[in-house]
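Q: Next come the chains, spelled out residue by residue.
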Amino acid sequence: MIELLNPTREAAGAQASYAPRPQSLKGLRIGLVDNTKFNSDGILKRVGDILVSKYGAASHKIYRKRWPSVPAHEEILQDIQENCDVMVAGVGDCGSCSSGTVLDGILLEMRNIPSASIVTHLFINTSKAMSKQWGDPQYPFLVMEHPIANLSEEELQKRAEHIAPKVAELLLTDPNLFKEARP
Amino acid sequence: MTELTALRHRIESEADAIDFCFDQGWTDGLPVIPPTEGRVRAMLEAVKLKPDHQIGFIPERRISITAEKVAINAVLAGCKPEYMPVVVAAVEAICEPEWAFHGPSTTTSGPAILLIVNGPVARKLNINSKESLFGPGWRANLTIGRALRMVMRNVCGTLPGTLDMSTLGNPGKLSYVIAENEEESAWAPFHVDRGFKAEQSAVTVMAADGPCQIFNQLSDTPEQLLLTMADNMRISGGVVGQTYYVVVLPGEHHKVVTDAGWSKRDVQKFLFEHTYNNYAHLRRTGRFPMPIKPGDEYRMRPLVTSPEMIFVLAAGGKVGAFSAFIPGWAKAGWSRPVTKEIKQ
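Protein chains in written order, with the numbering used here: chain R, 25 to 207; chain X, 4 to 347.
No wet-lab data here; the hints were simulated from the structure. Honestly, I wouldn't trust all of these hints.
[Unchecked claim] Stretches of chain R that chain X covers, calculated by requiring three or more beta carbons in the stretch to come under 8 Å of a beta carbon on chain X:
#1 98–105
#2 123–130
[Stated by the list, open to error] Distance windows between CB atoms, simulated:
#3 X:Glu134 x R:Lys182: 52 to 62 Å
#4 R:Ser83 x X:Leu33: 13 to 23 Å
#5 X:Lys83 x R:Leu201: 52 to 62 Å
#6 X:Asn281 x R:Asn149: 33 to 43 Å
Don't be surprised by glycine CBs; every beta carbon is placed ideally from N, CA and C.
Generate the whole structure from the sequences, applying the supplied hints.
A: Here's what the structure looks like:
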């Protein structure tokens, strides 16, 4: 009989927490966290426009991360915390940037900003693995079809129109209810 | 004696234990050495670290990497206890904010971690710097890098398909460790370029593609020889990321260059000056968006932003008209090479 020592991380990450949800987006200031991937800014700005025109949000402001594979740096997190009411991050279309975009959402939820992170469908597993690292494997994020880098202006608009209602729903719904609704 | 806190698993026999490790998903696909308490304690003893000592912290995942977990993974990888100081220094290095763990470990572009070992420790541990530089045959080269990957896999969750989304993978992800051939080099060792003393030992970690070999048996001047190198380097790696490069000059090519009195600085400068691309070509080949603009045929972009970003090493076999270059990962600012002292 021999005894082996476990080589893996045993302590779970900190339990992610969520910001309380507003009743509606009317009059709210929206922070958009662009991960700098090609066309991400185009999609986020269009989503911001729709949230203003159709959901009555007051404004949107785009923040550009230093590079895609890191979480938004402290200055961005602080600025959003002080000057925005809700946040949309995206669009994660690669390994390190999809998980990085999910992390932006986790970090801003912990700072009391309702958040919606968007990744492309081929990176669902990566995004879930990142959520698990933070002790919340069911962390809700939004999924868009892959790829996005080669889309035309018209296609970008369609993508934005398709995802905007889901963004609004996630920003307004208690994430725990979202989790229950997911398989 | 300080208690080891890792969860324990009781297994019937050593042979069953190896299969058990496979079944738990603890291995890279090769068999491992079962991590028993005695073996783990020998690892910790070699670095005189307490089990709960934090070697590194990865903020993007809130992971604290303890000496105990590093020791367990070094056992799995097949390290000798005397390799532990190198493994510990390498883990410290990948936890530095400059190296920025999450990007190079998770990216689709799949870099491995090149470890360059310098100083007396390389000779002491018999880390290969000569024939078959990147090939198998040396326990230290194969198990030190493997231990680092085991830590990433088991402690940091760097698993293929989830937090390692590498499209093609990289054979260097099993282990990618070299030493510099300091004793036969005409130049100061690489770690001295990085700010250490020659008598210190150090390891440099760099997120990198695989080695790309060049062939030139005809040239007897540095200029002509390095033109071959520059020609192969010009379109390599991410091309437009202006990231770091390693250039490895083995015996024959090292001799051509140093017999002519060239310093490392001369090599760096020459390669820097001869690896520009024009913007028209970069657009035509999909590295930058089309269309080609007026003047693009003559507007030039350097492969790296300064000559010092090309690290020049003396290593590899004595015989053969071959050298190699290694492109770093993505863009320079996304992950920078980090050098750490190996404390013994």
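Q: Run every hint past the structure and note whether it holds.
A: Verification of the supplied hints:
1. Interface restraint, the segment 98–105 of chain R with chain X: violated (0 residues with C-beta to C-beta distance below 8 Å; minimum three).
2. Beta-carbon proximity to chain X at under 8 Å applies to 3 residues in the segment 123–130 of chain R; the threshold of 3 is reached and the given coverage holds.
3. Taking 52 to 62 Å as the suggested C-beta distance range, the pair glutamate 134 of chain X and lysine 182 of chain R conforms, at roughly 59 Å.
4. About 56 Å separates the C-beta atoms of serine 83 of chain R and leucine 33 of chain X, a value inconsistent with the hinted range of 13 to 23 Å.
5. The given range of 52 to 62 Å is respected by lysine 83 of chain X and leucine 201 of chain R, whose C-beta atoms sit roughly 54 Å from each other.
6. Against the hinted window of 33 to 43 Å, the Cβ-Cβ separation of asparagine 281 of chain X and asparagine 149 of chain R comes to about 40 Å, which satisfies the hint.
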